[in-house]
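A.B. asks: Here's the letter readout for the chains.
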Amino acid sequence: MGTAPASRDVTSYGMGLAAPLALFFLFFFVAPLLQLLWLSLHNDTAALHWGLGQYLHFLTDPFSLSVLGSTLLLGAEVTAVCLVLGFPIAWLYQRVGPRLQTIIILIVLLPLLTSVVVRTFAWIVILGRQGIINATLQSLGIIDTPLKLLYTQFGVVIALAQVQMPLMTLPLITALGRIDPNLDDASCSLGAGSWRTFVRIVLPLSLPGVIAGCTLTYAAAITAFITQSLIGGGQMLFMPMYLYQQASTLQNWPFASAISIIFLLAVLVVVSVFTTLGRLSRGYGGA
Amino acid sequence: MAEAQGGRSLVVDAVTHRYPSGALAVENINLDVKGGEIIALLGPSGCGKTTLLRIIAGFIAQSQGRIIIGDDIVDALPPNRRAVGIVFQNYALFPHLSISENVGYGLAARGIDKATRQREAQRLLELVQLPAMAERLPRQLSGGQQQRVALARALAIKPSILLLDEPFAALDKNLRLDMQIEIKRLHRVSGITTLIVTHDQEEALSMADRVAVLGHGKLEQFGTPSDVYDRPQTLFVNTFVGSSNRMPGVVISADRTAAKVRLDAGAEIIARPAGGVLTEGGRVTVCIRPEHLQFVADETGFAGVVGMSLPLGATVVHEVTTADGSGVKVSQARIGETRALESGAAVRLAPLAPSLANAFPATL
Ligand SMILES: Nc1ncnc2c1ncn2[C@@H]1O[C@H](COP(=O)(O)OP(=O)(O)OP(=O)(O)O)[C@@H](O)[C@H]1O
Ligand SMILES: [Mg+2]
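Protein chains in written order, with our numbering: chain A, 1 to 287; chain B, 1001 to 1364.
Since the hints were made in silico from the structure, they are not lab data. Do not rely on the hints blindly, as some may be mistaken.
Reference excerpt, derived from the structure (chain A facing chain B, CB under 7 Å, subset only) [unchecked claim]:
hint : residue
1    : 181
2    : 183
3    : 185
4    : 188
5    : 189
6    : 190
7    : 191
8    : 193
Every value quoted in this text rests on a predicted model; they were computed, and no experiment measured them. Heads up, the beta-carbon is just placed ideally off N, CA and C, and yes, glycines get one too.
With the sequences and hints as input, model every part of the structure.
C.D. replies: Right, dumping it as structure tokens:
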């Protein structure tokens, strides 16, 4: 790929400069990961007997598999919502004056400037039985009984989408900003309408941003422990909480470790699918 | 292209455009272009050439005036329905599509099937002499080749009008000449009405049937290359197209065809009143091109002192300081042994002929 000469340049600075970070990663990331792997390869909670029992247990247990499935599905739903809502925002950003751009950026970044817990509680207020949505709909006479929004998949997806929105919008804004505005005009003068221009030109050229945004949003959404558990409540179980229960409440560290490893692999697979998709499309790095 | 429709006429009718920021980019422009003509829009940077082009293409809606293509007023039509082909200054090829797909893009938008598209793209690539490049991506082509692809892409939709925005600005001199010839050749076979934006006067004079000179958003003159060069209507045109000495003076007597002017440099000469009526006693600026001044041995003309002489190949340019302290340039053809002029030599200068000195009312 075209990046090869650039990375060779970087190495000529000497690896010594990267050593502090490398050590940090070694102690606080690689070492715990290896310990996790070691733990997960034991059949009993005391970690005395080697074996693949924990993995077998997870992969043959319908409940565990359904938790994994619903977590991956949750990530896909949140990513889709963010993409559908975030793309128009990013598109708009490239077409308004500098003052509106500042306002849009501020709105996009706002979720990052407040604490996750605060944001999540705000959503509880909005989605609750006596919350803003239900109160409004009831006073308008549109519904008689409050809708169940909190503690549902829908509620979790909406709350997570809002929280993760900047991770989608910012890469999209960057990618769309790189597209030469003359390409729009060229397409139009060749007789293409706005829809064709969007599908054939804007979308493929913004693909690097779409891939980056999707990867970030997906990874953040499936691991969002606080939002998942507070909005999802007790009825909805996702991998982070499942993991937490096994480790903290049940003290089943080997099983928790196996869950972690499986979860990690599942995420890696999904992320590499995104990346491969991006590389297969010729728009990648083309602009 | 044998099946070309011969090119439609284009009328720019009293077009004015003010950008939302308040900048008046073009003001009351009138152009009447016949079908099949090549027109050059010539003007200095920032004079509104691109703005006018984008108005014709439909990317900008003008504040006032009309655009008429053939018999149709197109102001209400979006760019994709105007059948105007445009080649952008930076080519604007689609970077993720192959050359063949780029050229066929306009045909795809018209719903033409893939096989026909490819055949047509191949034919056009042969026309611009790039038949072997169909499967490459734009970034794998040189600047001049990308330029040709952009041209082929614009021609593919069989536009009734072709707009080229500084098409050769990024090319080196040889390639530029090649492309100019290429455009001329394509124009001859296709007969498409063509508008070329340029700030290169040689390009404008050599390629166009007629040249529209723009200055500060206004149309200064619209005429044949020889009109613009030999009979400039404004001081701006005279100094922007070709080089010219500007010599201030006072009108002694004037009628419609000739004016007697007393130059501040100290001579009475006959000049052509170029920018309208001259009044006796009024201040004027007389423009004389360096190649239209000659050294004279008698007492006619005005006196000066030679400063520096620059041999520029076929011509020698002398810088002469006149009595009023201003400098003029004189260019002499280098025939045999041109008399060497010492720096500091006293000389007298006069225009070759009265029709070659243009007098414009002085603007204060
Ligand atoms: N989008 C815009 N908003 C406001 N003013 C603009 C805009 N585009 C151009 N202008 C102004 O309008 C005037 C004409 O610009 P234009 O781009 O048409 O010039 P040009 O003749 O094409 O110049 P060049 O030869 O440098 O390309 C300039 O003074 C420019 O600053
Ligand atoms: Mg321009």
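A.B. asks: Each of the hints needs a verdict: does it hold here or not?
C.D. replies: Hint by hint, here is what the structure shows:
no.: 1; hint: 181; in the structure: violated, 9 Å
no.: 2; hint: 183; in the structure: holds, 5 Å
no.: 3; hint: 185; in the structure: holds, 5 Å
no.: 4; hint: 188; in the structure: holds, 5 Å
no.: 5; hint: 189; in the structure: holds, 5 Å
no.: 6; hint: 190; in the structure: holds, 4 Å
no.: 7; hint: 191; in the structure: holds, 4 Å
no.: 8; hint: 193; in the structure: holds, 6 Å
Consistency with the previously given hints fails for number 1 only.
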